[in-house]
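**Student:** Respectively, the protein sequence lines represent chains A and B. Using my numbering, read the first sequence as starting at 17 and increasing by one per residue. Using my numbering, read the second sequence as starting at 682 and increasing by one per residue.
Think of the hints as simulated: they come from the structure by calculation, not from any bench. Errors might be hidden in some of the hints.
These stretches of chain A come out as covered by chain B in the derived footprint (C-beta under 8 angstroms, 3 or more residues) [claimed, not checked]:
hint, region
1, 38-48
2, 119-126
Lysine to aspartate or glutamate pairs mimicking DMTMM-like chemistry, simulated, CA-CA at most 25 angstroms apart [stated by the list, open to error]:
hint, chain 1, residue 1, chain 2, residue 2
3, A, K124, B, E695
4, A, K19, B, D767
5, B, K759, A, E60
6, A, K124, B, E783
7, A, K19, B, E725
8, A, K124, B, E752
9, A, K54, B, E783
Glycine included, every Cβ here is placed at the ideal spot set by N, Cα and C.
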Amino acid sequence: AQKVTQAQTEISVVEKEDVTLDCVYETRDTTYYLFWYKQPPSGELVFLIRRNSFDEQNEISGRYSWNFQKSTSSFNFTITASQVVDSAVYFCALSEAFSGNTPLVFGKGTRLSVIA
Amino acid sequence: GAGVSQTPSNKVTEKGKYVELRCDPISGHTALYWYRQSLGQGPEFLIYFQGTGAADDSGLPNDRFFAVRPEGSVSTLKIQRTERGDSAVYLCASSLVGEDGELFFGEGSRLTVL
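Just chain A, with the same shape it has in the complex:
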C-alpha cells in the first residue's frame, strides 16, 4: 500500500519568513519517486520537483529546498524568505516504479498563506 501524509492542513506566515512543509510517505517498494506540486488559486497543479529513492541528496532551487530522509520516510519542502506569490496549496506525491508512467498518489495538501 502506498500513502502520503501531509499533517499540516494550513500554514500562515508573514512575508520573508521561512516555512517548512512536511511530507511523510509509506511504500513497500524499494524503488520509487517522490514529488512536490504547487496548486495556485487558478487550480492548475504545477510540477516542482521529482526525487528518486536512490538519491538522498538535498536539493536547492532558488528559494526552494527539499530534504529527503529515507530513515524517517520524509520528504520535506522549505521555502526561504517566503513571498505572497508562494501562497498556494502544496501537494506531496509518490509513485512506486521507475518503469512507465505509473500513477501518482497524492497527499491531502498543505494550504500556505503568505501575508504581506
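We have chain A already, so just place chain B on it with the hints.
**Tutor:** Here is chain B on its own, set in the frame of chain A:
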C-alpha cells in the same frame, strides 16, 4: 494553446444525467491522465492512457465512468447516471513518455451534480 486545455470549466447537472468532460493535452504528449479532486483533498487517480489505449484504469470508481482517447490526442471522460457524490474537480494531465511523474495539468472541470 501551449498548455493542457479542459472543457467545460464548469458543469452543473442533475442527478441521473450523462456528462462528458474533454481534455486536449499538450501536443506531442503521448501519456494522458485523469484525476479527480474533491474539496480539501489531493487529486485521486482515475485512468491513464498511453497513446490510444488505457494503460491503467484501476482508479475508475465504477462502471458509470468511462474514458476514451480514440486518436491518441484529445480524451473524453464520460460519466453516466451521475450521482451527487460525483461532484468534484476533474483534472487532466499529460506528459512525455519517460518523464515519470512530471505531469502538466489543466485547470480542471468542476462538476456539480444537484
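**Student:** Determine for every hint whether it applies to the structure shown.
**Tutor:** Going through the hints against the structure:
With 0 residues carrying a beta carbon less than 8 angstroms from a beta carbon of chain B, the region 38-48 of chain A misses the three-residue requirement, and the given coverage is violated. By the rule of at least three residues with a Cβ nearer than 8 angstroms to a Cβ of chain B, the coverage given for the region 119-126 of chain A holds, with 7 such residues. Taking the CA atoms of A:K124 and B:E695, the gap is near 28 angstroms; set against the 25 angstroms cutoff, the hint is violated. About 23 angstroms separates the Cα atoms of A:K19 and B:D767, which keeps this hinted pair within 25 angstroms; it holds.
Taken as a hint, the B:K759 and A:E60 pair is honoured in the structure, with Cα atoms around 21 angstroms apart against an allowance of 25 angstroms. Of the pairs offered as hints, the one joining A:K124 and B:E783 holds, with about 19 angstroms between alpha carbons and a cut-off of 25 angstroms not exceeded. With a C-alpha separation of about 12 angstroms, the suggested pairing of A:K19 with B:E725 holds against the 25 angstroms cut-off. Our distance criterion of 25 angstroms between C-alpha atoms is broken by A:K124 and B:E752, whose separation comes to about 34 angstroms.
For the proposed pair A:K54 and B:E783, the alpha carbon gap of about 12 angstroms is at most 25 angstroms, so the pair holds.
Going down the numbered hints, you'll see the structure goes against 1, 3 and 8, while the others check out.
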